[in-house]
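Below, each chain spelled out in residue letters.
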Amino acid sequence: MSLPSVADSVRPAGATVGSGPPEEATRRTAGGDLFRAVAHNRKALAGVGLLLGFVVLALFPGQIAPDDPRAKIYTPGLGPSWHHLFGTTAYGEDVFSQLVWGTRQSLLIAVLVGGLATVIGVVVGVSAGYLGGTTDGILSLITDVILVIPIFPLIIVIAAYERNSGFFMLVIVLGLLGWSYGARQLRSQTLSLRTRDFLEAALVRGERKSYVIVKEILPTMTSLIVASFLGAAVYAVLFAAGLQFIGLGDPNSQSWGTMLYWAENNEALGAGMTYWAIMPGVFVALLGAGFALLNYAFDEISSPALRLRKLETTGVDAEQETAVPIRPPDQKNILEVRDLSVAYASDHGPVVAVDRVSFELGRGEFLGIVGESACGKSTLVYAIARLLGAPLAGEITGGQVLFKGRDMVTLAEKELRHIRWRDYSVVMQSAMNALNPVLTVADQMRDACEAHSTMSKREIEERSKEVLRLVSIDPVHLHSYPHQLSGGMRQRAMIAMALLFTPELIVMDEPTSALDVVGQRSLMVQIKELQERLGFAVIFVTHDMSLVRHFSNRLLVMYAAQVAELGQTRQVFARPLHPYTTGLLEAFPSIHGPKEHLLGIPGQPPDLLRPPAGCRFAPRCPHAVDRCRVEPPALYRVDGELVRCFLHEQAEEPVAVSTEGVA
Amino acid sequence: MRFVFRRLGFFVVTLWAAVTLNFLIPRLMPGNAAIAMMARYKGRLNPQALHALEIAFGVNADLIYLGNIARGHFGTSLTFFPDTVAHQVLQALPWTLALVGVTTVMAFVLGTFIGLVSAWRRGTALDGALPPLFVITSAFPYFWLALLAIWLFSIKLGWFPPSGGYDVTTTVGWNWTFVSDSLNHSVLPAATILVTAIGGWILTMRNNTITVLTEDYVRMARAKGLKPWRIMWTYAGRNAILPNLVGFAMSLGFVVGGAILVEYVFNYPGVGWMFLQSVENQDYALMQALFLLITVAVLLAILAADVATAFLDPRTRERG
Chain U
1 MSLPSVADSV RPAGATVGSG PPEEATRRTA GGDLFRAVAH NRKALAGVGL LLGFVVLALF
61 PGQIAPDDPR AKIYTPGLGP SWHHLFGTTA YGEDVFSQLV WGTRQSLLIA VLVGGLATVI
121 GVVVGVSAGY LGGTTDGILS LITDVILVIP IFPLIIVIAA YERNSGFFML VIVLGLLGWS
181 YGARQLRSQT LSLRTRDFLE AALVRGERKS YVIVKEILPT MTSLIVASFL GAAVYAVLFA
241 AGLQFIGLGD PNSQSWGTML YWAENNEALG AGMTYWAIMP GVFVALLGAG FALLNYAFDE
301 ISSPALRLRK LETTGVDAEQ ETAVPIRPPD QKNILEVRDL SVAYASDHGP VVAVDRVSFE
361 LGRGEFLGIV GESACGKSTL VYAIARLLGA PLAGEITGGQ VLFKGRDMVT LAEKELRHIR
421 WRDYSVVMQS AMNALNPVLT VADQMRDACE AHSTMSKREI EERSKEVLRL VSIDPVHLHS
481 YPHQLSGGMR QRAMIAMALL FTPELIVMDE PTSALDVVGQ RSLMVQIKEL QERLGFAVIF
541 VTHDMSLVRH FSNRLLVMYA AQVAELGQTR QVFARPLHPY TTGLLEAFPS IHGPKEHLLG
601 IPGQPPDLLR PPAGCRFAPR CPHAVDRCRV EPPALYRVDG ELVRCFLHEQ AEEPVAVSTE
661 GVA
Chain Y
1 MRFVFRRLGF FVVTLWAAVT LNFLIPRLMP GNAAIAMMAR YKGRLNPQAL HALEIAFGVN
61 ADLIYLGNIA RGHFGTSLTF FPDTVAHQVL QALPWTLALV GVTTVMAFVL GTFIGLVSAW
121 RRGTALDGAL PPLFVITSAF PYFWLALLAI WLFSIKLGWF PPSGGYDVTT TVGWNWTFVS
181 DSLNHSVLPA ATILVTAIGG WILTMRNNTI TVLTEDYVRM ARAKGLKPWR IMWTYAGRNA
241 ILPNLVGFAM SLGFVVGGAI LVEYVFNYPG VGWMFLQSVE NQDYALMQAL FLLITVAVLL
301 AILAADVATA FLDPRTRERG
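Order-wise, the sequence lines are chains U and Y. My numbering puts the first residue of the first sequence at 1, with every later residue one more than the last. My numbering puts the first residue of the second sequence at 1, with every later residue one more than the last.
Chain Y with its partners taken away, still in its complex shape (with noise of 0.2 Å):
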């Protein structure tokens, strides 16, 4: 229970910690940015908007802010204007889920599964191969990599759109039309995604791998005679996967900034794209909005990667 405990009170504090940067950071900032800001708007604006303004910026107090945003009042959208931020954020939310949550998810299986074999298959031309390979994948730049692709896919070769989640002449809605046209415009962003994401896991599944394989439990594995694909699976793979869940939680909030890049290039309707578009356009109540929305969403997975390692490990389940 006191494990338990520990993380709940883990993930208050970062949640805590968001906000008040959320809070801080333009009252911290030379000039007082939010003086400023109120300044410029005054007059041009409406007072609805101002008040979204006043809510993100004004007198009001750390604690008005926090049970503004606990009652889900983030205020006016300045881009969206007259539309609130939470309708909007709700709009853009399914596209990044779809693209981001599901790709990272791929590229942490896929990697994993990769990493266990290349670990497994040591010293074979397959392993001299990949380690160095991914490494220096994962040292290039996601938004470059999505000019490249956006560049050979399809202003070369034309197969995939360039931009957008969809056809905008297309109807929105569960419709074969709508959902094939919006696959074919996932695809590329995807794979960007995938490519520069899948480096990180192989290698530390890799490692982690070859550190267990030096297990007495491995050795007693193939002392028992058991197949090869039981040792790699259940003896190696299962021991080896448990601090890898560990840092796929914590290297999540990398990924997400990278995926925030893709969809900016992509032109991609998702959370990403809509947050560059609200720093470009200095709407503050949806950029700090959204900004909760990535940190909270991180939280919610990483609470998942505990209950995976609970799941996975008998021992942690214990101490929960």
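Only chain U is shown next, with the shape it has when bound in the complex (with noise of 0.2 Å):
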């Protein structure tokens, strides 16, 4: 596998539970390990090294500058030299100690225009996010009016009547200018943590409404704020520069700014003065580009999805490819599994999400796998249908899937691509967010039969209503767009979409869980009425076994990447012999059984960057005894059924790693 893995993103199976609930995780990275994930990117190293080499310049101008900047005591124009190393000015002066002086001048306008448009832009923003009402109207009006006045030819306006102002009337003007970007994007993230538990829990333990913005709010956003303050920092030293070039500033202070605009003055490109007339501008490009380059690390490092992590393979046991015996598929079976590995790249090391899985599943048979969340059963379906890629950005690391009799793992893209939706097809979680937005039912529906038939545009049409009208949606709602469509049309329609090609094997990731209960019922009927009306076989994915508990033949309860019990629905549900299985029923209510009183299952599922060392299950397990926490239990055989606890060990063989067949 080639993808590259961007991990860390929506569910990275396991890698933040197990340590306390989401959001305290991600407040805890966005405020504490800020540094060292500015230590570990190569851009905000860069950037770090590029400001600091200009604060040393501007605390020691005096030290490294040979030279008294307005001292007129050279050879005008001279060239670069050892002791001139820019040269001189058309006035007699040193280049380059102009230059170190000049340093002072423009760092200190990034610096107090990026925390006064910064300050500005974060209570506006997160007053504006936080309050909302009538105060955000008008707030959001102010920041959207100021941040689309073109800002440059304004302050130039004000310069205008105001010449020669001092240097803090510029910072002033820049800085009351300068903040409304930054607000901006203060007050979309403020919105989006509104709602957040933690802060709903700081309100109803009464704390003040002050004390939950600086307390609760501002820490979350340590990196959006570094990110405003930077951006407003870039903008003041290109502004100001600007504005001293075309002889808006104090023309006798020392700055980038009003070295260029006397050499442009004195024409000095053209004189020969070469150095006079550029030097500046790459100081003023290299102080940019610092806070430019810190600034972009930030926002790497604020959205996870843009670090792009390579997962190293050192620590995953690459061993099972091997261990998969070379065994001709069944002609039974749709699809065989055998020891299917996938691991996932984190910020500590590779994360196994799915540990050598191995199942069969047979012609127009219907599998269900359940378990918790992010106990790897969306990374496994998503693994054989070889649709691995951000935010489920794992790596096969071994095993095999064959599927007809070929295996999956080691097919190109290009050969998977006539195989898809011809061969099988996919429905997902949420067809609000699978669809795509901004194309028609029809649009999606017609892409997909152009890319594996020459069907006409006409039998397109057709096949597209014939399927709508197989999973019950009127075809006149064909041209509609996603949005527009009711959740469970939406649902139904992609599942329509699924069965353009008939496809032998549709692979579907709780289709269900974005309905209501009836919803849930009837689109369950549904497709099991579909399912033995075309013989299509299913892979079914839920965390809830009482929704499949009528409809699937087998059942494989997946616990912390690995199969804890494979086997036939209905004895599952009689017999459920994991203790993990015997907690997820009790779990949820039975609908037709009698009242009982739902137990749970105490804990949470492991986190799988340091799997427990025996049992996986033990931490959780009311029958753990002390091997259950040293040794990992096998597979064992029972009645034709797979469970991996020890307390079924007796009963029969350990399978070998499981490749044999399955019943």
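Take the hints with a grain of salt, since some may be wrong.
What the hints assert, rightly or not - Looking from chain U toward chain Y, a few residues come up when the C-beta cut is under 7 Å (computed):
| hint | residue |
| --- | --- |
| 1 | Y296 |
| 2 | L609 |
| 3 | R610 |
To be verified - A few chain Y residues that face chain U, going by a derived Cβ cut-off under 8 Å, partial list only:
| hint | residue |
| --- | --- |
| 4 | R121 |
| 5 | L130 |
| 6 | P132 |
| 7 | P141 |
| 8 | L148 |
| 9 | I155 |
| 10 | Y217 |
| 11 | K227 |
| 12 | W229 |
| 13 | I294 |
| 14 | V296 |
| 15 | L300 |
It should be emphasised that the hints constitute simulated quantities derived from the structure, not laboratory data. C-beta atoms are modelled at their ideal positions from N, C-alpha and C, and glycine is treated no differently.
Can you join these two chains into the complex? Each is in its own frame, and there are hints to help.
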């Protein structure tokens, strides 16, 4: 698999699980790990290096510059030499000394304007986002207006009336006009935070609003605040230099912009004093680049999706590939998964999200895969469908997926494209997200048809209507956009799309969980009907065991990346073998049975980065004994079922890494 | 409909703010620049020009000022006396539209395309090199790059003329000599604007695309076995460009600021150059008119971006 892994996003299968509630985790990352993140980012380091260099120049110009920047004591217009690194000006001053002394003002402008703009931006942005209502309306309008009014011309207008205004006037004007971009971003970030649990909790605790803002909201936005400071700093450096260059600054000040102004006035470029005209710009650009690089790095740090991580396979057990025996596929099975392993890259090393999973699927069979969230079930099915990629950015590290006799793991993307959708299709959790919002349902059906057939436009339209009718949608909705359909219709439309070529296998990832209970039920019935009528096999992922009770032939229970139990659905429900399965069954009410007390399972699934040494379920298991905590159990066969628990060790021989056929 | 009204309200408020700033700034400045200005010019100017100053700074209230502007009465230019401001502005406008308008749109289109491809080819050498490079170029001062271009391509190499919009010896009009000459004059300023402006679009489009690539509908497109270019254009690109269009509109104010300096450095006979001339000559009527014009131009571009968004995004269309 050559897919680049972009992990650490939505569901890194257990990476955040076990380290407290997700909010806690994000908050910690945003605040405390900032320093570490900067130290690991090359762009950030380059930016910090540049800025540190300028800070040194600004702090000790007297020690670094060879000359007094205003001493007109040399021959005018000298070229570069050992004494005059960048030559002399038309007035006989040393260019290098002027550059060094000019650093102080540019850096000061950057820091002061950045600071002022950030303070205003934080106050306006956070209040707008947090207070909402009319306050938000007014503040947002002001922000947008200031953002849209061309700032540089406005500053020129102001400077035109207040000629040669001092340094602080410049800082205040730039600061007052430069906060809007940051405020806009901080507002939307605050809006998205407002409904989070930890904020509600703080309010329930009776904390004051100001306390919530300072103690709870601001720390989570550290990187965004830093980014808005850096953005304002870049803009301040560029605009200040621009103003001084056109002669609207103090012509006697020591700054790079003023140097450029004098150089331009003396036509330095034409007169051969190249360095005088060019070097101040280089310094402006370098200072700007320093801030911009740091800013860009912070952008990457605050949105993990932008970071590209390569999976380091050292540490991941890579021997499994040889462990898979070469054995011809069974003709009655449409799919055979053998020892499939998937790993993610994370900041702390590889995370094995799917650990040597094996199972088989007969033609026309309905297999349910159940387990808590982050147990690896979605990763497993997307690995089988060869659809891993951000946010499920794992890589297959071992094993085989034999689909109709061919190993999907080794197929090239081009070969895969030919069997996708024709031979197997996919139905996703939320059609709202899985359907392209800017294309109509008809468009999205047509591109699939065009990719795999030579159907004419008419035929495609006919076929599209036909599959819509199959899932009981009136074909008048064919030319609707996804957002125009109801939730239930969208899910059905997606299933209809999956039926376009009547594939032999449909992978369904919680296709009903976006619906209410009634909608879930009727959709399940419909899926089952279609399956029986059209004869395709189904892999159905869900966290709700009761949902598949009457529809699936077999159940695969996953826990912490491994198979916990695999057996006939009826048998699993009647006599669950694994304590985890028992726990899952007790967590959901039975529709028909007598009233029971729902127990659920105490604790949380383990952190897959550091799974428990013994049985992975041991920390939560009511039956755990000492042995469970040190020795990982193998899969044992009991009455044709597979179970990973020492309780059933004596019942049967362990299955040799589960590669034997499954009943 | 509510959406359209809200947008229109925003445009009205922004325009009002720009006009009011124009009106207030000279009056808020310490020492009241307006009165000082009037005193300075009394007796030195003929009544007509003085009247121009009165319109800009005089006893007229904001409303009268607004009314004058609405009728296109911007007063008389001091620099180009006795020509009216409106006439002067109309002469400079085509140059700027041709230079800044075309290059800004080009930078956006090219930048968006490069950003999309760069995100699509994530992790390749191309993608590794482009973002840091453009982070740095987008921090370049426009005017400095313009100076550099003049130094290299006209002083050293002599490929392009160093300044102006056309050769003054040619006749202005739709003849080949003039058109080719003015194109030749526009190469350096256009390249300067392009190089500095494109970086921002590349970076934002790349980041948007990377975010969009994690969406379920992109995975779905892969699952459907669509050809990569189809996924890149209609699934990733079309969704990623939506926030970029808003960004385009929002940052136009910055781009225009840079373009003014480019015109200044190249002595390009456009609005930006004229704007700085008016500042230099303390021709406040002309300066204020140009500031308003630039604001209106930015608002029009935002309107265009709104229309484009509505065209590309059915959800916005419905809200409107």
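So, going through the hints one by one against the coordinates:
no.	hint	verdict
1	Y296	5 Å, holds
2	L609	21 Å, violated
3	R610	26 Å, violated
4	R121	10 Å, violated
5	L130	12 Å, violated
6	P132	6 Å, holds
7	P141	5 Å, holds
8	L148	7 Å, holds
9	I155	6 Å, holds
10	Y217	4 Å, holds
11	K227	6 Å, holds
12	W229	11 Å, violated
13	I294	5 Å, holds
14	V296	10 Å, violated
15	L300	11 Å, violated
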